[in-house]
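K.L.:
Could you build the full structure based on these sequences and the hints that come with them?
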Amino acid sequence: MSVLETQKIHIVSLQEHKEKILELLQHIEVIDIQAMDRAPASAGEELGRLDYDLAEIRSAVVFLEKLSRKKKGLVESFAPQKELVSLDELERVCRGFDCKALLEQVEAIETRLANLDNLTTELRNDIKLLSPWRKLPLPLDQLNNTKHTAVLTGQVKTRHLPDLDRALAIVTNAFQVDIVRRERDISHILIVCLLRDLEAVRKSLGSTSFEPLCLPEVELTPAEEIARLETLLAENEAEKKEQLDEAVQLAGNLSRLKYMHDMVLDTRVDWEVKQRLADTRYTFIIEGWIRSRDLKKLQADLKQLTPETEIYRIEAAKDEKHPVVLENPRIFSPFELITQMYGTPKYEEFDPSVPLSFFFALFFGICLGDLGYGLALTLVSLYFLKRYRLPLGGIKLFRLLILGGLTSMVVGLLTGSYFGAGPAAIPEFLSPVKHCLLSIQIIDPIRDPLVMLIFTLALGVVQILFGFVMQLTLHVRRGEYVAAALDDGLWLFFLSSLVFLMVTGAASSSLSGLASKLSLSGAAALVLTQGRHKKTLIEKFLSGLLSLYKVSGYMGDTLSYSRLLALGMSSAIIGSVINILAGMVKGVPLLGIVLMIALLIFGHIFNLIISTMSAFVHSTRLQMVEFFSKFYEGGGREFKPYKRQAEYTLIK
Amino acid sequence: MDIGYALSLAGVAIAVLLGGIGSAWGVAIAGEAAGGVLTEDPEKFGKLLLMVALPGTQGFYGFLGGFYIMMKIGLLTGGTSVSPMSGLMLLFASLPVGMTGLVSGIYQGKASASGIHLIAKRPEETGKAIIIPAMVETYAVIGLLATILMVSGIKL
Numbered sequence: 001m002s003v004l005e006t007q008k009i010h011i012v013s014l015q016e017h018k019e020k021i022l023e024l025l026q027h028i029e030v031i032d033i034q035a036m037d038r039a040p041a042s043a044g045e046e047l048g049r050l051d052y053d054l055a056e057i058r059s060a061v062v063f064l065e066k067l068s069r070k071k072k073g074l075v076e077s078f079a080p081q082k083e084l085v086s087l088d089e090l091e092r093v094c095r096g097f098d099c100k101a102l103l104e105q106v107e108a109i110e111t112r113l114a115n116l117d118n119l120t121t122e123l124r125n126d127i128k129l130l131s132p133w134r135k136l137p138l139p140l141d142q143l144n145n146t147k148h149t150a151v152l153t154g155q156v157k158t159r160h161l162p163d164l165d166r167a168l169a170i171v172t173n174a175f176q177v178d179i180v181r182r183e184r185d186i187s188h189i190l191i192v193c194l195l196r197d198l199e200a201v202r203k204s205l206g207s208t209s210f211e212p213l214c215l216p217e218v219e220l221t222p223a224e225e226i227a228r229l230e231t232l233l234a235e236n237e238a239e240k241k242e243q244l245d246e247a248v249q250l251a252g253n254l255s256r257l258k259y260m261h262d263m264v265l266d267t268r269v270d271w272e273v274k275q276r277l278a279d280t281r282y283t284f285i286i287e288g289w290i291r292s293r294d295l296k297k298l299q300a301d302l303k304q305l306t307p308e309t310e311i312y313r314i315e316a317a318k319d320e321k322h323p324v325v326l327e328n329p330r331i332f333s334p335f336e337l338i339t340q341m342y343g344t345p346k347y348e349e350f351d352p353s354v355p356l357s358f359f360f361a362l363f364f365g366i367c368l369g370d371l372g373y374g375l376a377l378t379l380v381s382l383y384f385l386k387r388y389r390l391p392l393g394g395i396k397l398f399r400l401l402i403l404g405g406l407t408s409m410v411v412g413l414l415t416g417s418y419f420g421a422g423p424a425a426i427p428e429f430l431s432p433v434k435h436c437l438l439s440i441q442i443i444d445p446i447r448d449p450l451v452m453l454i455f456t457l458a459l460g461v462v463q464i465l466f467g468f469v470m471q472l473t474l475h476v477r478r479g480e481y482v483a484a485a486l487d488d489g490l491w492l493f494f495l496s497s498l499v500f501l502m503v504t505g506a507a508s509s510s511l512s513g514l515a516s517k518l519s520l521s522g523a524a525a526l527v528l529t530q531g532r533h534k535k536t537l538i539e540k541f542l543s544g545l546l547s548l549y550k551v552s553g554y555m556g557d558t559l560s561y562s563r564l565l566a567l568g569m570s571s572a573i574i575g576s577v578i579n580i581l582a583g584m585v586k587g588v589p590l591l592g593i594v595l596m597i598a599l600l601i602f603g604h605i606f607n608l609i610i611s612t613m614s615a616f617v618h619s620t621r622l623q624m625v626e627f628f629s630k631f632y633e634g635g636g637r638e639f640k641p642y643k644r645q646a647e648y649t650l651i652k
Numbered sequence: 653m654d655i656g657y658a659l660s661l662a663g664v665a666i667a668v669l670l671g672g673i674g675s676a677w678g679v680a681i682a683g684e685a686a687g688g689v690l691t692e693d694p695e696k697f698g699k700l701l702l703m704v705a706l707p708g709t710q711g712f713y714g715f716l717g718g719f720y721i722m723m724k725i726g727l728l729t730g731g732t733s734v735s736p737m738s739g740l741m742l743l744f745a746s747l748p749v750g751m752t753g754l755v756s757g758i759y760q761g762k763a764s765a766s767g768i769h770l771i772a773k774r775p776e777e778t779g780k781a782i783i784i785p786a787m788v789e790t791y792a793v794i795g796l797l798a799t800i801l802m803v804s805g806i807k808l
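Quick note, the sequences are listed as chains A and B, same order.
Our numbering puts the last residue of the first sequence at 652; the count rises by one with no breaks.
Our numbering puts the last residue of the second sequence at 808; the count rises by one with no breaks.
In short, the hints are calculated from the structure, not lab data.
Careful: at least some of the hints might be erroneous.
Said to hold, decoys possible - Label-pair restraints from in silico Cβ distances:
| no. | chain 1 | residue 1 | chain 2 | residue 2 | range |
| --- | --- | --- | --- | --- | --- |
| 1 | B | L701 | A | L143 | 32 to 38 Å |
| 2 | A | T280 | B | D693 | 43 to 49 Å |
| 3 | B | L701 | A | R330 | 30 to 36 Å |
| 4 | A | I601 | B | D693 | 30 to 36 Å |
| 5 | A | G583 | B | D693 | 41 to 47 Å |
| 6 | A | P589 | B | I655 | 35 to 41 Å |
| 7 | A | I601 | B | S733 | 37 to 43 Å |
| 8 | A | Y388 | B | L808 | 49 to 55 Å |
| 9 | B | D693 | A | P427 | 48 to 54 Å |
| 10 | B | P736 | A | Y388 | 56 to 62 Å |
| 11 | B | P736 | A | P589 | 38 to 44 Å |
| 12 | B | L701 | A | G583 | 29 to 35 Å |
| 13 | A | E217 | B | L701 | 52 to 58 Å |
| 14 | A | L581 | B | D693 | 23 to 29 Å |
What the hints assert, rightly or not - Some chain A residues flagged as far from chain B (calculated, every beta-carbon gap over 12 Å):
| no. | residue |
| --- | --- |
| 15 | Q176 |
| 16 | K535 |
| 17 | L600 |
Glycine included, each C-beta is placed from N, C-alpha and C at the ideal position.
P.N.:
Next comes the structure, spelled out in structure tokens:
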């Protein structure tokens, strides 16, 4: 439950040490640098230039990566694998690297390829236009009108050819229709007529399905022209391949380009940070936040770098928000993921990661609820942690899944669920194991859903009451004792006495009389106190009475926990359905066993994925909606220390 | 084999059908949104796949509800006799999971689609984008729960 203490500081030093000091700060990653009021308005021009460079390099990287034929896996699309490199190596590579020239080359190739693609499309279209006319033995430029005759080229539906003849015969008797190519649907034709009849011919053609086609006027016959175009096309393709080959060659520079990108990015971050400082002619001030415990070390480090530096602690103003750093013991740190997903706590708040951890792990376990699935999830998560370099969030996620997998295994043992099968399915020759497992099993949720339902609702009651305890502690810590006693204390008392009443009522115990008296007194106390902020007596009473209505809200919250039962059953039942189906296909002749194994493997992997997803999502929701609403607000500012930023590389 | 048995089978069919339709519809809505985002940024495939799969659970809940009724009437193990009244009851019991699955599937699809738009602009907020559509799913879970409790309470 720890939000670490943070302290605002000013670091003052001489201009000549600025670079050195910033370098040190970037290296030790302890200070969150803030913009000072006196800092100059940022000059957008330099920033724009750097951003432009970055965008250019990135687009070259994307282009070259597409060519380098290395397929990205699904995992890499979640967590791109960064290259591990030392700072010296990075700088050495970038120094001897003519990035501008490479970028120009890449851009030239990209443009050329785009042009070639356009040209190819154009050539293909031309060839497509000409190919029906291949049989025409005339050069195309001779299809022009002569002094007295006109030539029309076009296509017409084959079944309309006789109509065409008839239509033309009406307007003139001096015409000739040549069929260049006749297909089942469409024929390409050449019409020759007298120039003076042309208008009339056109008009009468309008009533048929004739479509004029415009052919290029070249000195070649269609067949020759097609051959010429095809040679061009081949040349085009050859050049395209050449360009691509060249680009693939350039892709050898990919990692250098990536280094360069990160160098420029670093320059940009540097530049931006410098804008936040306040400068005088000879001195400068850095304003920032630091974890209080890092202060001594920073002082020592700076003194060692140069004695001409001073650190001042600054009292934060009342309305100033401290940045928030969370720190929890290793086992609990994965649960910070849930907290951060909701929102970083405020500086004055608890970090709810530890309080929610037990509930989250347990709920996840109940939702997945299977020894086999739990084991598989744990192993897969371990594999991912070992195999891939993941960002911090990814590491937390998989650690969370490992913990969830472990609780699922426990729940699986207690509910007797092993890859969807119950202990009853274990063959007789393993009977000692069977008896052992049967004796561990305490409940079968599929047979006794009611018992399980009550159990999940009880968990809900426990977590909601725990939420009130958290709120109470928070109020006490802030010294708001009245709110702690009258709001949280009374509600805790009233809700627990209600639960007590329900339990004793259900068990028809003799204590139920006492329980109802307790509940009534709790309700009365709430009516008397909840309206205490109102002015008039009547308002006080009414608002006190109305506050009892909140009970229905808490009832709803409790019922929400029934999802644990439903999700647990859903993973168990889908698992058993897969087993039943596998048992059915076993009977298929020859392939039976193979089919069964394939079905078992794919089915269970599938169920594992969707059940893990629901388990995660719904356990998270119970924390955020039902638990956090009782005491947690969030909305703090996360502590972001000044450090090196890189997209493609990881500095050793 | 009698009318009671047929009525319970109708219950199975309704649960599976409505849940399946809801999910197919919802997944399609989310899928359309994801397709649009992927044209701009194919790298986001993994994250978006998750978002598209979210409205897919209703189909399973429907199937589960149906399967629970199948087990109740022993469809796969030889069958027990079901009185017409029990059959009718099982048919009614299939409605919660079916109807909530149908409607929540579609609406979860819409919520997922807007989550996908959120991821398109702010990939670092994927966690929140996943949680919000899950709020819709709650009611399908409640429907499944009601069906299971009803079925397990019915005496054949």
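K.L.:
Taking the minimum C-beta separation from K535(A) to chain B, is that value above 12 Å?
P.N.:
Answer for K535(A): holds, closest chain B Cβ roughly 38 Å.
K.L.:
Per the hint of 32 to 38 Å, is the separation of the Cβ atoms of L701(B) and L143(A) within bounds?
P.N.:
Cβ of L701(B) to Cβ of L143(A): about 57 Å, so the range 32 to 38 Å is violated.
K.L.:
Tell me if the beta carbons of D693(B) and P427(A) are separated by a distance inside 48 to 54 Å.
P.N.:
Once the Cβ atoms are compared, 52 Å apart, the range 48 to 54 Å for P427(A) and D693(B) holds.
K.L.:
Given a hinted range of 52 to 58 Å, is it respected by the beta-carbon distance of E217(A) and L701(B)?
P.N.:
Holds - the Cβ-Cβ distance for E217(A) and L701(B), about 55 Å, lies within 52 to 58 Å.
K.L.:
If you check the beta carbons of L581(A) and D693(B), does the distance land in 23 to 29 Å?
P.N.:
violated (38 Å)
K.L.:
Just tell me: holds or violated, for the beta carbon distance of L701(B) and R330(A) against 30 to 36 Å?
P.N.:
Given range 30 to 36 Å: holds, Cβ gap about 31 Å.
K.L.:
Just tell me: holds or violated, for the beta carbon distance of I601(A) and S733(B) against 37 to 43 Å?
P.N.:
Roughly 38 Å apart at Cβ, these two residues keep to the hinted range, so it holds.
K.L.:
Far enough from chain B: is every CB of that chain over 12 Å from the CB of Q176(A)?
P.N.:
Non-interface label stands for Q176(A): nearest chain B Cβ at 53 Å, farther than 12 Å.
K.L.:
I want to verify a distance hint. Is the separation of the beta carbons of G583(A) and D693(B) within 41 to 47 Å?
P.N.:
holds (44 Å)
K.L.:
Can the suggested window of 29 to 35 Å be confirmed for the beta-carbon pair L701(B) and G583(A)?
P.N.:
holds (31 Å)
K.L.:
Given the hint of 56 to 62 Å, check if P736(B) and Y388(A) actually sit that far apart at their C-beta atoms.
P.N.:
Given range 56 to 62 Å: holds, Cβ gap about 59 Å.
K.L.:
When you take the CB atoms of T280(A) and D693(B), is the distance between them in 43 to 49 Å?
P.N.:
Given a distance of about 46 Å, which is inside 43 to 49 Å, the answer is holds.
This entry does not satisfy hints 1, 14, going by the numbered hints stated previously.
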